[in-house]
Amino acid sequence: MTMTNSSEPVARAGEPLGGGITPASKEEVIEALQTVYDPEIAVNIYDLGLIYELDVDNDGSVAIEMTLTAPSCPVAGALPQQVADVAATVKGVGDVSVALVWDPPWTMENMSPDARLALNLS
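Going by the working numbering, the sequence shown opens with residue 938, and the numbers climb by one from there.
The hints are simulated quantities; they were obtained by calculation from the structure and are not laboratory data.
Do not take every clue at face value.
Pairwise CB distance ranges, derived in the manner of DEER restraints [said to hold, decoys possible]:
hint, residue 1, residue 2, range
1, E968, L1056, 18 to 26 Å
2, A979, E1046, 32 to 40 Å
3, P1008, G1029, 29 to 37 Å
4, S1049, P1008, 20 to 28 Å
5, N995, T1026, 16 to 24 Å
6, A1007, G957, 17 to 25 Å
7, P953, L991, 27 to 35 Å
8, A1013, D992, 17 to 25 Å
9, S1009, Y974, 40 to 48 Å
10, P1050, A1013, 23 to 31 Å
If you're wondering where the values come from, they're calculated on a predicted model, not measured in any experiment.
Glycine residues also receive a C-beta, built at the ideal position from the N, C-alpha and C atoms.
Model the full structure from these sequences, guided by the hints.
Here you go:
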């Protein structure tokens, strides 16, 4: 797994997959992450552009690098664990590690077109 900012994980979940289990696809993990919403903005974290890196290894382990809309975000302590927990629920996912990164800083340009539409920014 490659992590772009080589940050230490701040959240972990899951356990190693047993033999013979097919690893989840990146798309399946993304679909799960789209169920996690920023509590201050009514848009999911994936479409907000808070997920910077998502790697799924052949053994089902998942490494995620994410950011928050601001370093002072009140959910900084809880949101990374929620992301790890949700990713770990996907069939075919083993160990999950989530690193919180601040470089590059999040901007509104990170948002998907769907997020912009939901927030009336398009």
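Hint check results:
no.: 1; hint: E968 to L1056: 18 to 26 Å; result: holds (21 Å)
no.: 2; hint: A979 to E1046: 32 to 40 Å; result: violated (19 Å)
no.: 3; hint: P1008 to G1029: 29 to 37 Å; result: holds (33 Å)
no.: 4; hint: S1049 to P1008: 20 to 28 Å; result: holds (23 Å)
no.: 5; hint: N995 to T1026: 16 to 24 Å; result: holds (20 Å)
no.: 6; hint: A1007 to G957: 17 to 25 Å; result: violated (44 Å)
no.: 7; hint: P953 to L991: 27 to 35 Å; result: violated (19 Å)
no.: 8; hint: A1013 to D992: 17 to 25 Å; result: holds (22 Å)
no.: 9; hint: S1009 to Y974: 40 to 48 Å; result: violated (19 Å)
no.: 10; hint: P1050 to A1013: 23 to 31 Å; result: holds (27 Å)
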